[in-house]
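Participant: Each chain, letter by letter, is given below.
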Amino acid sequence: MTAMKMDIAHVAKLAKLQFDEQEAQKFEGQMQSIIDMVENLPPLSDSGALIDPENPMIMREDKVTDHCKRDELLKNAPQVQAGCVVVPKVVE
Amino acid sequence: MLNDNYEMVVGLEVHAELSTDTKIYCGCKNQFGLEVNTQCCPICTGMPGTLPTLNEKVVEYAVKMGHALNCTINRICKQDRKNYFYPDLPKAYQISQFDIPLCEHGYVDILVDGEEKRIGVTRIHIEEDAGKLIHDDSFAGSLVDFNRCGVPLIEIVSEPDFRSSAEAKAYLDTIRSILIYLGISDGKMQEGSIRCDVNVSVRKKGDTEFGTRCEMKNVNSFSGAVRAIEYEAARQVEVLENGGTVSQETRRWDDAKGQNFLLRSKEDAHDYRYFPEPDLPTIVLEQEYVDRLKEQIPELPNKKIARYMKDYGLNQGDATLLVEQMEKAALFEETLACGKVSAKNVSNWILVDLSKYMNETKKSIADTKLTPQKLCQLIQKVEQGVISNTAGKTVFEVLLVEDREVDEVIEEKGLKQISDSSALEAVVNEVLSNNQKSIDDYKNGKTNALGYLVGQCMKATKGQGNPAMMKEMILAYLENH
Amino acid sequence: MELYQKTAAELSKMLRNKECSAVEVTKSVFDRIRQKEDTVGAYVTLTEDKALEKAGEVDQKLAAGEELSPLAGIPVGVKDNICTQGILTSCASKMLYNFVPPYNATAYDKLLKQDMVITGKCNMDEFAMGSSTETSYFKKTANPHDPSRVPGGSSGGSAAAVSAGEAIVALGSDTGGSIRQPAGFCGIVGLKPTYGSVSRYGLVAFASSLDQIGPMGKSVADTAMLYTAICGRDPMDATSAAREYPDFYQNLNSNVKGLTIGIPKEYFGEGIEPEVKQMVMDAVKLLEQNGATVKEISLPSTGYALNAYYIIASAEASSNLARYDGVKYGYRTSEYTSLEDMYLKTRSEGFGDEVKRRIMLGTFVLSSGYYDAYYKRAKLLQKQIAAEFAAAFEGCDVIATPTTPYSAFKLGENIDDPLKMYAGDICTVTVNIAGLPAMSLPCGMDSKGMPVGMQLIGPKFSEQTLFDAAFGYESLVGGFTTSAVEK
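These protein sequences, in sequence, are chains A, B and C. All residue numbers for the first sequence refer to this note's numbering, where the first residue is 929 and numbers rise by one. All residue numbers for the second sequence refer to this note's numbering, where the first residue is 189 and numbers rise by one. All residue numbers for the third sequence refer to this note's numbering, where the first residue is 58 and numbers rise by one.
I should point out that these hints are in silico values taken from the structure, not numbers from a laboratory. Hints should not be assumed to be uniformly reliable.
So, partial list: chain B residues that the calculated Cβ filter (under 7 Å) puts toward chain C [stated by the list, open to error]:
no., residue
1, P230
2, G237
3, F273
4, K279
5, A280
6, G431
7, G432
8, E455
9, D459
10, F463
11, P469
12, T470
13, A648
In silico DSS-like pairs for lysine-lysine, Cα to Cα no more than 27 Å straight-line [stated by the list, open to error]:
no., chain 1, residue 1, chain 2, residue 2
14, B, K217, A, K997
15, B, K557, B, K516
16, C, K402, A, K1003
17, A, K954, C, K196
18, C, K107, C, K151
19, B, K270, C, K402
20, A, K1017, B, K270
21, A, K991, B, K516
22, C, K170, A, K997
On a predicted model such as this, the values are computed, not experimentally measured, just so you know. We put the CB at the ideal spot given by N, CA and C, even for glycine.
Extracted from the complex, chain A is given alone in its bound form (with noise of 0.2 Å):
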């Protein structure tokens, strides 16, 4: 397999993360040397969809069970307002 490179930027901007430049140069090397790590892979011969039948899930029931009380969920938010959690103003 041939050398991947990686674009920083657009990496960064799917994973809500920004660099200025000093760091984004550091980045780019540390990065750059732990891709061609880890790309050093055997050859596998694609064995299909990535399932495990042999540990097959156990589903619940649907049956309610107590939900948390309002103020308990919101504790920890940084903004509430009217018993909902605060964000700058979405556009869509």
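Assemble chains B and C onto chain A, guided by the hints.
Facilitator: Structure of chains B and C alone, referenced to chain A:
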């Protein structure tokens, strides 16, 4: 209307909320309209360390829908994470299904102008709903309500098989009625229980290749879907006619403005980074379980409508109205099974008189005292001329609220029709001798005077005279004098 | 001998024989904390008041003759990525610097039900990403054997606390070696249980398919006691296995006769310090002399395991850590102009460099066009590695390897060289990749005066076999003396 040289190619993605007791991945109540952030827990608000557990009812309901839409059920399937940031998505990923949906390769037959058309169903998968953002102009920010987070959804993806907005509308109506018939969704559009995304492309008639498609979001009603499709198809034709090319993009429908707007182009399309959800093992369903669910599927509304039209000669409108509410269809069929009676008449009684009562009182059929046997007897009495249609309505009103026999009510109210010709002749003669003006009017061409004279006769017999016989007597008199 | 120097098994007997009270044990541990914490720095949060209160309750129950768990009244430290209702759970990150969960992790809940005494929340690498506890936002933890050296990581706080006597036992979590490596560096015993045997509910996720909570203690018995307390099916965790578990502590058997030990040559190759190899082989020889059979085996995909591990773990982490966006809990940047700006600043300011590297790598390997080349191939390789282990276990009961290529390194030595840091995980990550149980137990001190760990790996759900083999070794060496309780 679309330019005659073009045809539209439309596919639909329908999201339906399932009416389970609890959410898809936690035990919170699945209920609409409760106070903000009161139906959520650390799991559905994505708190650190919490984990999803799949509600078995969600799988059951989705498999039932799969059967109803003639799908292959993937007994072994998985769930995947769809990653994107948005404030109404607390985990910053939606648990959905990517490459192995629970159901796929199905179809559904819809009725358009009385003709059946088969629409391909690509897939049905299960996923969780997101929360809601509340925008208030008086306030600088947006508010997040997590109550809807984790409400179970099925997404039903159709093949691009629609060639008109009417077909799309018929499909949406059919899907909705099937959901309701299966008892797996309440189908309430106004509560957002069913939403859809629309994919539209156009091509020159006769072309075999599809054109470039655009996806439209924010289509919140079925009638809105019709408008959105018409608008988008016309927009694309205009682009092509002006020598342009349609570019693949996502657009947002604004129903109030009757227009759509560019949301993002192909280059800006999200990279959702799907990967198998590591918190949820593989779903493995026993064949026996899948088969058992298939046996529970009732006759579906689209099939019922077609049967009512074919077997009973009902028109599509009436058949659809009867089938829309399962209890009306049941009453219709049971009434017909009780005795010889005209299907058209049974349909009329249910769709006119009973529906009116149900609308006014907000009652269901089960809330009334009416039974199929009594409805059948009542209609037979009218058909046989034992009572008049008007008298029938009087009896019907009693049967709705009291557990009484049809004959008993007719007797008690003195509603039996007088069909003794000598008795009726006396009444007719009396009325004619008192209404010379009407007789003259009739002879001067005012034929509606006849109706007036019959009415006077009915009045004289307190509604019990056989109107057909009296009308005949009056006509005979008018012709001979 | 001070109470804090004793094992849980010893203290449990003493409490029942009224040789000491739970309050005395707790006080002894907190006195030790006051003595050592300035140099060791094992804790992010101490909960002394709650601990003393709980110890008092235990004493009352004991006085009333109530039947209690053998762990009742035993002070336990809990890694700071395990949710504790009403107690800060920070994952040693600025991102969760103020997060107080309104719920308990199932494993922690089980400790409470056993009437254990919680000393506090142990320091760790930020979000469990690291091998030295140096990526903690709050503080560095020192190795109690040598304050200039790291305790290992990511469960470095838990390991250092147990080794120093600042807790009797502790809970850690292990995604790629995070229990075993610090246990090895600090001279104690640590078990990474079979994936699915301990509930992950309330364990702040790093890599969901690899994470597992596990016990750490000064002796095999303590570790077995704590594991017995926390394992079991949990309906809140869909990945937890539906099965019954025995009392591993009661079942301990030190007889190693008939035990077959596999020695994979790939784990004794280049990169492993000769002294470490020698000490592990000496330990194996001791078992052989006492009736165990030793055979060489091969696990050919080992060389790729680290790569697969970093791809899978980072991919899952990039998704698991996306929820830290400043909206619902934890850190939110102070000034922002839009939602996007808030996301970017919150996440860039709230996460440390190592976490960012993993998120970037994980986002990259999942992104459009790269998924098949990286993530999917790594997952397929994972199956192959698991199959190789399964085949190996047809011919042996346990596999012995070094826990780490070297003993504890100096603080700051590897922190700016991610690749060198990652390479240290070479012996441990395969176990997580294959979902197997493995423990690290001390096999002596090296020439630097630092402990060296031996790793025993078993087939899925073979914890009893591992405990017995380790207990056999512990008995043969006359008990472990590699902790720092006497320093």
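Participant: Against each hint, give a clear statement of whether it holds in the structure.
Facilitator: Going down the list of hints, with the structure as the test:
1. Among the interface hints, the one on P230/B holds; its C-beta lies about 5 Å from the nearest C-beta in chain C, closer than the 7 Å criterion.
2. For G237/B, the suggested interface contact is upheld, since its CB lies about 4 Å from the closest CB of chain C, less than 7 Å.
3. Interface hint at F273/B: satisfied, since its Cβ lies 6 Å from the closest Cβ of chain C, which is below the 7 Å cut-off.
4. Taken as an interface hint, K279/B checks out: its beta carbon lies about 5 Å from the nearest beta carbon of chain C, inside 7 Å.
5. Taking 7 Å as the C-beta contact cut-off toward chain C, the hint placing A280/B at the interface holds, the least distance being around 3 Å.
6. Using the Cβ-Cβ criterion of 7 Å, the hint placing G431/B at the interface with chain C is not satisfied: the shortest such distance is roughly 32 Å.
7. The closest approach between the C-beta of G432/B and any C-beta of chain C is roughly 28 Å, which is over the 7 Å cut-off, so the hint fails.
8. Taking 7 Å as the C-beta contact cut-off toward chain C, the hint placing E455/B at the interface is violated, the least distance being around 12 Å.
9. The criterion of a C-beta within 7 Å of any C-beta in chain C is met by D459/B, whose closest approach is roughly 5 Å, and the hint holds.
10. The beta carbon of F463/B comes within 6 Å of a beta carbon in chain C, closer than 7 Å, and the hint placing it at the interface holds.
11. A cut of 7 Å between beta carbons decides the hint on P469/B: the least distance to chain C is about 6 Å, and the hint holds.
12. Proximity of T470/B to chain C is violated relative to the hint, the smallest CB-CB distance being about 10 Å (cut-off 7 Å).
13. The beta carbon of A648/B is not positioned within 7 Å of any beta carbon in chain C (closest approach about 79 Å), and the interface hint is therefore violated.
14. The suggested pairing of K217/B with K997/A holds, with an alpha-carbon distance near 13 Å, which does not exceed 27 Å.
15. In summary, the hint linking K557/B to K516/B is supported, as the alpha carbons are separated by about 14 Å, within the 27 Å threshold.
16. Taking the CA atoms of K402/C and K1003/A, the gap is near 22 Å; set against the 27 Å cutoff, the hint holds.
17. As the CA atoms of K954/A and K196/C are separated by approximately 24 Å, the hinted pair is consistent with the 27 Å bound.
18. Restraint check: the Cα-Cα separation between K107/C and K151/C comes to about 25 Å, which is no more than 27 Å; the hinted pair holds.
19. Proximity of K270/B to K402/C is assessed by CA-CA distance (about 23 Å); at most 27 Å being required, the pair is judged to hold.
20. With a CA separation close to 24 Å, the supplied pair K1017/A and K270/B stays within the 27 Å bound.
21. The straight-line distance between the Cα atoms of K991/A and K516/B is roughly 31 Å, outside the 27 Å bound, and the hint therefore fails.
22. Taking the CA atoms of K170/C and K997/A, the gap is about 24 Å. The hint holds against a cut of 27 Å.
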